[in-house]
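Participant: Reconstruct the complex from the two isolated chains, following the hints.
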Amino acid sequence: AQSVTQLGSHVSVSEGALVLLRCNYSSSVPPYLFWYVQYPNQGLQLLLKYTSAATLVKGINGFEAEFKKSETSFHLTKPSAHMSDAAEYFCAVTYSGGSNYKLTFGKGTLLTVNP
Amino acid sequence: NAGVTQTPKFQVLKTGQSMTLQCAQDMNHEYMSWYRQDPGMGLRLIHYSVGAGITDQGEVPNGYNVSRSTTEDFPLRLLSAAPSQTSVYFCASRRPGQGASGANVLTFGAGSRLTVL
Numbered sequence: 001a002q003s004v005t006q007l008g009s010h011v012s013v014s015e016g017a018l019v020l021l022r023c024n025y026s027s028s029v030p031p032y033l034f035w036y037v038q039y040p041n042q043g044l045q046l047l048l049k050y051t052s053a054a055t056l057v058k059g060i061n062g063f064e065a066e067f068k069k070s071e072t073s074f075h076l077t078k079p080s081a082h083m084s085d086a087a088e089y090f091c092a093v094t095y096s097g098g099s100n101y102k103l104t105f106g107k108g109t110l111l112t113v114n115p
Numbered sequence: 001n002a003g004v005t006q007t008p009k010f011q012v013l014k015t016g017q018s019m020t021l022q023c024a025q026d027m028n029h030e031y032m033s034w035y036r037q038d039p040g041m042g043l044r045l046i047h048y049s050v051g052a053g054i055t056d057q058g059e060v061p062n063g064y065n066v067s068r069s070t071t072e073d074f075p076l077r078l079l080s081a082a083p084s085q086t087s088v089y090f091c092a093s094r095r096p097g098q099g100a101s102g103a104n105v106l107t108f109g110a111g112s113r114l115t116v117l
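Residue numbers (my numbering), protein chains in the order written: chain A, 1 to 115; chain B, 1 to 117.
With the rest of the complex left out, here is chain B (with noise of 0.2 Å):
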């Protein structure tokens, strides 16, 4: 089925420890980005993409990278992971065009809850 795709499901790390979450769309969408979702907090951008190669900081960035080597894939990753990142992480994609007709309505995936020990 098309869509975006996120692995792993679920996750446990050790303190210092380093992981890539993947994410895979397959509708051409331009446009990817990666939220973390805390209790009482909502979500959060974390990074995101509005093409390959390009990649840029959303609102809670410290701790993670990204890379976007190519239009479908978007893997986030933590280089030491640490407590205050477990987390739910949902990657969400954009179809192209801007104004009312593409206005910003996100495809998201079912999420890769992590936990760090």
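Chain A with its partners taken away, still in its complex shape (with noise of 0.2 Å):
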């Protein structure tokens, strides 16, 4: 079965900081992996996806991540957090063959910003 792993279910960060959140993935076939935030009361938004183009994959916010086969990792990242960056990030995972229906996500990393 399709897994991701978010280490950390709280990062705390200063503004201007670098931001990681990290996502392993478990998987015998090649995924499609995906970063998706939520801000308070909100439904969920795609940050970026992993698609097997290229592994560096940039998205919106000036928030990128890594596709890593060897360590099977999709860590997010962000140069300098910005207090708007606080909300919740899912990594998720599904893949090509099969029934690829089905998105499976982490447990969520909550990130907030101190000024």
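It should be emphasised that the hints constitute simulated quantities derived from the structure, not laboratory data.
Check the hints yourself; a few may be wrong.
Simulated crosslink set (DMTMM-like; lysine to aspartate or glutamate; CA at most 25 Å straight-line) [as the list claims (entries may be wrong)]:
1) Lys68(A) / Asp26(B)
2) Lys107(A) / Asp85(A)
3) Lys102(A) / Asp56(B)
Treat the numbers as computed from the prediction; the structure is a model and nothing was measured.
Facilitator: Have a look at this one:
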């Protein structure tokens, strides 16, 4: 079964500091990987996705993620945190073959940005 | 505005009551799904549909029913609500397309917060 593990349920950074949110996936076939963001009292919005093209994926709001097959990782980074980045972030995985309608989410990482 | 619309936004039920959470999308998306979100659990798939007349179970289907009579609508029914069904429910849909170009980019509704007493 497909799965993702997000390391750290809560990450706190200072404004202007590097943001690093960790995601590892389990897979025996090539995955599609996603990062979604959820602002308070809202639904989820797509930040970026990896679909087997470039391993470094750039998303909205200055975020990017790098697919590393050898490490089965897809960590999300942003060079300089902004107060508006405070939200919950979800990593998700699915696969290109078989029943690829099912998107499996990690448990989420709550990002706090301190002034 | 185009998108996924969920109603109601908030609902309080007593144990044993029934209700339906409504979900509608106007993007002609074939695929629709329901997730529940609980603290520390992420989002878990309840049921999904790949088109009108076709539904299937997700990870946590027990206690929920769905139907898909039209492309636009995908209601979620709780026949006999239990406190364990207290959660935030999200409906999400996806445009057609396989492979990398259409790889499972879900559009989410704003959510329905359900409390079962």
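Participant: Give a verdict on every hint.
Facilitator: Okay, the hints, checked on the actual structure:
1. Lys68(A) / Asp26(B): Not satisfied, since the Cα-Cα distance of roughly 37 Å exceeds 25 Å.
2. Lys107(A) / Asp85(A): holds (18 Å)
3. Lys102(A) / Asp56(B): Holds: Lys102(A) and Asp56(B) sit about 11 Å apart, inside 25 Å.
In this structure, only the earlier hint numbered 1 is contradicted, and the remaining ones agree with it.
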